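4 protein chains.
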Amino acid sequence: MSTNSLGSRLVLTSFGESHGKCIGAVLDGCPAGLELDENDIQPMLNLRKPGQYAISTQRQEDDLVSIISGVFRGYTTGAPIAMVIWNKDQRSGDYDNLITKMRPGHSDYPASVKYKQFNDFRGGGRFSGRLTATYVLGGSIARKLLQITLRIETNSYTIQIGNIKIKNNPTKNMMNSIYSNEIRCPDQESVDDMITAIKSAKKSGDSVGGIIESITVNLPVGLGSPIFNSLESDLSKALYSIPSVKGVEFGSGFAASNKFGSQNNDEFVIENNKITTTTNNSGGILGGLSIGTPIIVRIAFKPTSSIGKIQNTVDIDKKQNTKLGIKGRHDPCVVPRAPPIVDSLVSLTLADHALQGGFLKPVI
Amino acid sequence: MSTNSLGSRLVLTSFGESHGKCIGAVLDGCPAGLELDENDIQPMLNLRKPGQYAISTQRQEDDLVSIISGVFRGYTTGAPIAMVIWNKDQRSGDYDNLITKMRPGHSDYPASVKYKQFNDFRGGGRFSGRLTATYVLGGSIARKLLQITLRIETNSYTIQIGNIKIKNNPTKNMMNSIYSNEIRCPDQESVDDMITAIKSAKKSGDSVGGIIESITVNLPVGLGSPIFNSLESDLSKALYSIPSVKGVEFGSGFAASNKFGSQNNDEFVIENNKITTTTNNSGGILGGLSIGTPIIVRIAFKPTSSIGKIQNTVDIDKKQNTKLGIKGRHDPCVVPRAPPIVDSLVSLTLADHALQGGFLKPVI
Amino acid sequence: MSTNSLGSRLVLTSFGESHGKCIGAVLDGCPAGLELDENDIQPMLNLRKPGQYAISTQRQEDDLVSIISGVFRGYTTGAPIAMVIWNKDQRSGDYDNLITKMRPGHSDYPASVKYKQFNDFRGGGRFSGRLTATYVLGGSIARKLLQITLRIETNSYTIQIGNIKIKNNPTKNMMNSIYSNEIRCPDQESVDDMITAIKSAKKSGDSVGGIIESITVNLPVGLGSPIFNSLESDLSKALYSIPSVKGVEFGSGFAASNKFGSQNNDEFVIENNKITTTTNNSGGILGGLSIGTPIIVRIAFKPTSSIGKIQNTVDIDKKQNTKLGIKGRHDPCVVPRAPPIVDSLVSLTLADHALQGGFLKPVI
Amino acid sequence: MSTNSLGSRLVLTSFGESHGKCIGAVLDGCPAGLELDENDIQPMLNLRKPGQYAISTQRQEDDLVSIISGVFRGYTTGAPIAMVIWNKDQRSGDYDNLITKMRPGHSDYPASVKYKQFNDFRGGGRFSGRLTATYVLGGSIARKLLQITLRIETNSYTIQIGNIKIKNNPTKNMMNSIYSNEIRCPDQESVDDMITAIKSAKKSGDSVGGIIESITVNLPVGLGSPIFNSLESDLSKALYSIPSVKGVEFGSGFAASNKFGSQNNDEFVIENNKITTTTNNSGGILGGLSIGTPIIVRIAFKPTSSIGKIQNTVDIDKKQNTKLGIKGRHDPCVVPRAPPIVDSLVSLTLADHALQGGFLKPVI
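Residue numbers (our numbering), protein chains in the order written: chain B, -13 to 350; chain H, -13 to 350; chain E, -13 to 350; chain Y, -13 to 350.
Hints are computed from structural coordinates only; laboratory data are not their basis.
Keep in mind the model is a prediction, meaning the values are calculated, not measured.
Beta carbons are placed, not taken as given, at the ideal position from N, Cα and C, and that holds for glycine.
Hints are supplied without guarantee of correctness; some may be wrong.
[Said to hold, decoys possible] Calculated lysine-lysine pairs in the BS3-like style (CA-CA distance at most 30 angstroms, straight line): (1) E:K151 x Y:K245; (2) E:K102 x Y:K347; (3) E:K260 x Y:K309; (4) H:K260 x B:K305; (5) H:K260 x B:K245; (6) Y:K151 x E:K153; (7) E:K347 x H:K102; (8) Y:K295 x Y:K185; (9) B:K151 x B:K74; (10) E:K245 x Y:K347; (11) Y:K260 x E:K313; (12) Y:K304 x Y:K87; (13) Y:K151 x Y:K7; (14) B:K153 x H:K309; (15) Y:K245 x Y:K189; (16) E:K189 x Y:K245; (17) B:K189 x B:K102; (18) B:K245 x H:K347; (19) H:K158 x H:K102; (20) E:K347 x Y:K245.
[Unchecked claim] Partial chain H-side listing against chain Y, Cβ under 8 angstroms, derived: (21) G60; (22) G343; (23) P348.
[Claimed, not checked] Here are some chain Y residues the structure puts well away from chain H; computed CB gaps all over 10 angstroms: (24) R(-5); (25) K74; (26) R137; (27) D178; (28) D303; (29) Q342.
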């Protein structure tokens, strides 16, 4: 199994480096017959890219995708879909003094041990958050595929920034206004406080983390598998591919641990001739299988590792302790850029299982 | 990829059903030359099995493992190691009335949709928590392999039962006394309250959940991969194979979301000529790679789904709402049985990555 | 990927050793709803087993299969189907003097280098032709699955023994009489000469090889893939898992190399409103895909490596040249036992592709 | 598993179409530290490309490779190596009248059934022999990797064109002169007859096939696996990815079928303190493992399917029988272009096994 590939039937292979020639991806296994061009991908890429908001890094990356294979006369052919984003704005100079000083919270140290002098350290190289754009390349296609064929809709949004939690629970109606604010928070009442939290951290040369929630509706019953390929297993595996993620929970999640069974069990009921549950503590998954209720997953992001504040660290060349203040253009909080990435990974995983389970066919 | 297999180089394939003839597993990819017999596996199985304590289910399962291939003259040969546990105590009768009434919190409903009338519903069949014993079959071997070759040690223990959290942080010394109490809690001061919480739930026909923490020490630097096969990705995938798990977090985990970068970043320092960190909020993993500090993961378990209390549900045969009180011998809390399962899945994943990364060779 | 597993959606994992406790297999990915018990497997096992004929080895292996998981109330459940054959007739003594003297044509030498002293050399251990019985365990299920769902029929038979080639080309009618003779040759006129060839070799302490042809009819059009997972790629990979196989060809095969394109191309024609070809030099496969005409593959078997004649070899312990005459009960020709093995591997591969291509669903 | 990927540890993913924007490949799993630039790949591509010789098609394809990821400061980093060849000379017009008339010997018919109207039929699209250039992209890297680290050398050459067989057996010295003639035949005495055979076929609007032999020397002992991942299994799977291949045999191959065991067994002998064999009928592989003697494999190519001669076929649109003479620039024989492709697939497979078996490490 390629370590840079995700999925079993719908396989995304990521390639490229933050400051190399390009980043890109190959999506293999997409059924033939999906209408597709760059305009199906570019909008999600745009929602992820930095530099558009006051609270984000000022790097100007165009992040323009080119589809270079797998599409013929406007439709997918069943062949691998290769996509490339050519890198443009590469100020590698900002990173030159980081070569020997290990940045706390980054992969510099283990990568230098694992790959020795061959590691491409420029801007984090292969470990950069920039590579999450390659997830969006495949994810936007998977998302469209699920929408068109099974009417499955995935939406992800911010529910916490630093210690500011969302005030009002998201409703179905709010899903349309996620991108109406810089925070990607469906509750407009919480947005200002969250922006303030980010700005405040930025001002002091610091950063903050947060939590994304993702909700997927209209799932058929029975997607997934018991044992090792449960929906939770494969969704969490995909989501932990995002460099800053340190926690993933489904439904009632960690809170389930201090509930009673009689509280946490979702009772089944027949409504409108359909079987559903009265609550959704399961997050839509039982025994690793979808049950038709919304799949709910929450993802915890650590605060951005790159901060301006002076930190203690080591110089691996001089083999001595030293100090480091990281310059360059870094996001004080990556969470607002994460929703399209989460949407992508959830969609890739569910589309893969839809193909495995026979819910999707090789030709649409 | 087999949906009942875990791993890339060290592959565990699980088979069997809760109330079928047997449960078992095949471990493929274990290096030749590991001294191995049933006594390396049985103790971890015993720690998982039910029926030994007052707070556990009274099912008497012997859970005796037989190694039926892959070992010759007391050592592994490099060939697949097949192992079987023959089922003995099968009171299927207890489950007969559950066929059409969907048990809340269980897989009955999605499994009946996915596999139709062919699903083996007896005792949960393939979805039963009993199948976690097959993880221990492979996991105990992986754990021994890591201990002997790389001195890697994994220990898992209870840190929360219902709303009772551990009072004193676990120390290295406490690791030896995890199994000195029924709760598998290294902090003896917390044990009584936890037992009370379980007994109280049991008395009212209810159940409780909890949290397991797992700590792994002596890792080499550089185990793992960036992008899709990060240590977090593969560990969480493995851990979500446990039916009751609804949350997985590493290091500071969900709490990282409301920390500042300057708080959450672990500063590097040279100690005794070795590079390490002064804190371990990363849980021992940066960029998907091990950094040599302890790998720390916490796993949230929902309360047992099988409860005696009457619950609302549906009868899929009569297509009508109904009520259900589950009889039979069920654990009011599965958490105390989970540590060997968690140890197993962590060990399998780390051994797989040790083989992938060249830390382990095909022959010891 | 497990090195002891075959397939992508329908995965056969083989385990066991020639003279260990058992040999067995796990078949994962078989759709739910296939009626199955041991009687669906045992007949094909019986056709493979040694000891039934004058020209075969006199080892008496019962080769009785037990299905130990994955079947419930007479039908497959979608869960892994584990099967075991317990070894009985193990005269390991016959092999004791072979430990240090490398048998020509056998794996003894490379296996002793690869696995060192840990290799299970008894009767060839993991390298024994006996392990092909584990292919039949999965293959007989795949064959039934294809017959019932898609009416696909695979038949394999002997077309050459030593230098005796089949006199009359096999016809459809002959397919029913393959097993009416010890040679498994559909042309009764060729049988006596083939038997004589084997007996003659046996008499002189020698062995002979031969060729098996396999024909599969009723395939849907479009099974397979271009590039790396072509039908030829996956069929040949499977067939080369048989220890004695040294050549695999499809359709006109090696003879295609000295034909003109105008001779070798199969012209398309409409017959009975269906598109077919007037000849079948392609062996039923174009561009890696089935075209609906019979899939024809021929497999060359080397003569049995174990022979009574004295051979030169080396003693790896004494590090010197030596001589060896192999005792024990060995087939002077393995070809007549091969048809059920070939049927099995062809069926496993085609069923795997039928699942991949959506021709078969997860539930029958 | 991606159907457009080959390998387990060293994974080549192919993408692109014959007449699309580009063809390309991603090689994942290559160890860090291999000195690499386009000049390591281009020469092998040049040896494969058409248009250089009188006997070849006159299409002028530059086939210039660009490495777009995975290399930093002149060395591989351990990250995926993506490579692209931009298509230039696309006379799609030549193919326009082929859309509904199925070309005999080509994939047109099954591809139109499998992918319906979405198939990219231009120049064969994904099924084109042109895609073998993507095998060379990865194969040239694998070949260099094996040469530098293990001194393994693979050479492939023509031994038969149509009915003209090589007159003198290739010797070690001849390996250097394979590319000194258009046929890629190491025996200069056979070249003229082979050229005549091709020219003669071309003149009559026809085509011829042939046989390639590949020899690999300096293998360590023990590369490979028993059962499903034998060297023969994986090599043949790889080689059958070449569209025109219809036969693959190892060592004495099909000829083994009419030899006696005493003839075909290779006797072991100690020479210069090393164990070797006096003959090499095994083709360097026993029990699926390398034994240190040269790996010898022969590959049968059918005659080019595209011929000028009028052929009968069907029009799938009009659903009636018709006739077809194929225009355009086609090779009357693809065999002389095959050696670098065979070298590539053999090298990819052996390098993959070298990584699996611990003969190669993640960092050189």
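Hints, verified against the model:
no., hint, result
1, E:K151 x Y:K245, "13 angstroms, holds"
2, E:K102 x Y:K347, "20 angstroms, holds"
3, E:K260 x Y:K309, "17 angstroms, holds"
4, H:K260 x B:K305, "9 angstroms, holds"
5, H:K260 x B:K245, "44 angstroms, violated"
6, Y:K151 x E:K153, "27 angstroms, holds"
7, E:K347 x H:K102, "13 angstroms, holds"
8, Y:K295 x Y:K185, "15 angstroms, holds"
9, B:K151 x B:K74, "36 angstroms, violated"
10, E:K245 x Y:K347, "45 angstroms, violated"
11, Y:K260 x E:K313, "27 angstroms, holds"
12, Y:K304 x Y:K87, "9 angstroms, holds"
13, Y:K151 x Y:K7, "40 angstroms, violated"
14, B:K153 x H:K309, "36 angstroms, violated"
15, Y:K245 x Y:K189, "40 angstroms, violated"
16, E:K189 x Y:K245, "16 angstroms, holds"
17, B:K189 x B:K102, "36 angstroms, violated"
18, B:K245 x H:K347, "45 angstroms, violated"
19, H:K158 x H:K102, "50 angstroms, violated"
20, E:K347 x Y:K245, "45 angstroms, violated"
21, G60, "21 angstroms, violated"
22, G343, "6 angstroms, holds"
23, P348, "5 angstroms, holds"
24, R(-5), "8 angstroms, violated"
25, K74, "33 angstroms, holds"
26, R137, "20 angstroms, holds"
27, D178, "49 angstroms, holds"
28, D303, "39 angstroms, holds"
29, Q342, "8 angstroms, violated"
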